[in-house]
Amino acid sequence: MTESERGCNMPIIRDISLNLNIRDVLRRQGLGEVVKVRPEIKVLIQELLTDIKNSCMLEPVAAYEYYTVRSMNDSQILLKGNKVIHGPLLPATFPEAKELVVALCTIGPGLEEQVTDYTNRNEPLRAVLLDGIGSAAVDKMVIDVLKYLARESSSRGYEISSPVNPGMHGFPLTEQWNLLKLVNSDEIGVKLTSSGLMVPRKSVSMIAGIGPEMKRWTQAEICARCKLSKTCHYKVTEQG
Amino acid sequence: MNKDLVSMIADLNEQEALKIVKDRLNAGEDPLRIMEDARKGLEIVGERFASNEYFIPDLVYSGEIMKLITELVKPKLTREEETRKSGKIVFGTVKGDIHDIGKNIVAFMLDVNGFEVIDLGVDVPEQKFVEKIKESGASIVGLSGFLTLAFDSMKQTIKAIEDAGLRDRVKVMIGGGQISEEIRKYTGADAYGRDAMAGVTLAKKWTGIN
Ligand code: B12
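Note that the protein sequences, when read in sequence, are chains H and D. No gaps in the numbering here: position 25 of the first sequence is 25 in this note's numbering, and each next residue is one more. No gaps in the numbering here: position 17 of the second sequence is 17 in this note's numbering, and each next residue is one more.
Simulated from the structure, these hints should not be mistaken for laboratory data. C-beta: ideal position from N, C-alpha, C; glycine also. All clues given are correct.
DEER-style ranges, computed between Cβ atoms:
(1) Thr78/D / Glu123/H: 23 to 31 Å
(2) Ala220/H / Glu162/D: 38 to 46 Å
(3) Arg38/H / Asn26/D: 22 to 30 Å
(4) Asn52/D / Gly81/H: 50 to 58 Å
(5) Trp177/H / Gly165/D: 32 to 40 Å
(6) Ala220/H / Gly188/D: 31 to 39 Å
Partial selection, computed: residues in chain H whose CB lies under 7 Å from chain D:
(7) Gln29
(8) Pro124
(9) Val128
(10) Leu197
Looking at chain H on its own, in the form it has when it is part of the complex:
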């Protein structure tokens, strides 16, 4: 990952190299146990991964910004510059935060256009597998971006907490409008639909707390808290 640019005063991260391994991809297909995967399907996934490498289907880019916390109560956090983020999940997750970092990640529209293309060409298996690869790519990207932000924060003597996303219980999806204004979303080409979903679809928005000592959770702990934990086929963790 290269150094972030301070274009329009809000930083952007480009040149994120996403090295996807087959295990991550399979988990996003509901195929947690590699042994059970048919060789034909594995071959097809490898083929799609090679196609991705040889094309510009993945264009990962992230926009982010830090905000100083002025105050918080049970249901919201007030930031410097009179910006407010609503949702009880935030103060409950990082009450000790001195700052918040807001980040928006996308792999761009290329992959989902290719998925639509496969669907229209009556190749649903390729469509499903490539869509899963896209989800795995976003997951990987989120991890990389969080590592990058952790490094940046640690150079200032701070730690970063686990992130929360609008749409999680206690952090309404309606906060998406608020959130996208806090980063340079135009620069990375992410827009909202009327219901607050992001286009390109393969995008994630998140907020993490920054401070001298921040709590982090394992993916298994995050999964355990989700309402879908018993039925979800797409856990990104073996223990979860």
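Chain D with the ligand: place on chain H using the hints.
Coordinates of chain D with the ligand only, in the frame set by chain H:
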């Protein structure tokens, strides 16, 4: 070794399955019997999926094999046999939601199982469902949605179907990542399905196919 069509499809052996179909067609066998065996194979795939032996990609793969077999058999069917479908289903992702891959999988599996699927796409307004039910005379409606806000859209869509006087004419199934019995009750749907095979099973039950 006697490799029959049913088990070749069940084992997702594409090459062998297609070879058997070609051989049987060349031998002048009734194309409807071939299709029947192919459907039996697909049923076993469904059972293996239900018991976690197979996964979504395997299911979709079986659908692709079925499509290829149908293409081979089609020219041998009479016009009436060719167009005979098990039932019409209006399907779409409800207003406000743009998730499509789950919906596409269910629509595809319904299609290969002999249903005529009218896929309205994503972010479909209630009235569009109403219009298409009227226009097509479909007896089943499938609503897909992954977001919490989709529950309200599902409820509104079912209400719109009721307001148009069509509720008694159609059975409504819903599905998507978060859907449960509680949400089925909230929306007023007739049933919910956790996955594509559940959708196929419901459609078969409602149209009287075993
Ligand atoms: C993969 C995934 C992602 C990926 C890809 C998303 C995409 N659209 O491509 C990424 C990582 C990008 C992502 C992002 C986000 N996601 Co997301 N995501 C998921 C996840 C894990 C799987 C969804 C999926 O694509 N499944 C793939 C399909 C093939 O599988 P399936 O759901 O099992 O489909 C089957 C069944 O549902 C069924 N079915 C489907 N429709 C129907 C219809 C009928 C009639 C029947 C019978 C059956 C049926 O059959 C299908 C085939 O067997 C779900 C959680 C889950 N377990 O469902 C969350 C989930 C949908 N996401 C969620 C959220 C919050 C988000 C974000 C808003 C987070 C954020 N702030 O960034 C963003 C929004 C993205 C955007 N564009 O705006 C929430 C939504 C909650 C809510 N409040 O509404 C969920 C439920 C996770 C959670 N536990 O909170 N997400």
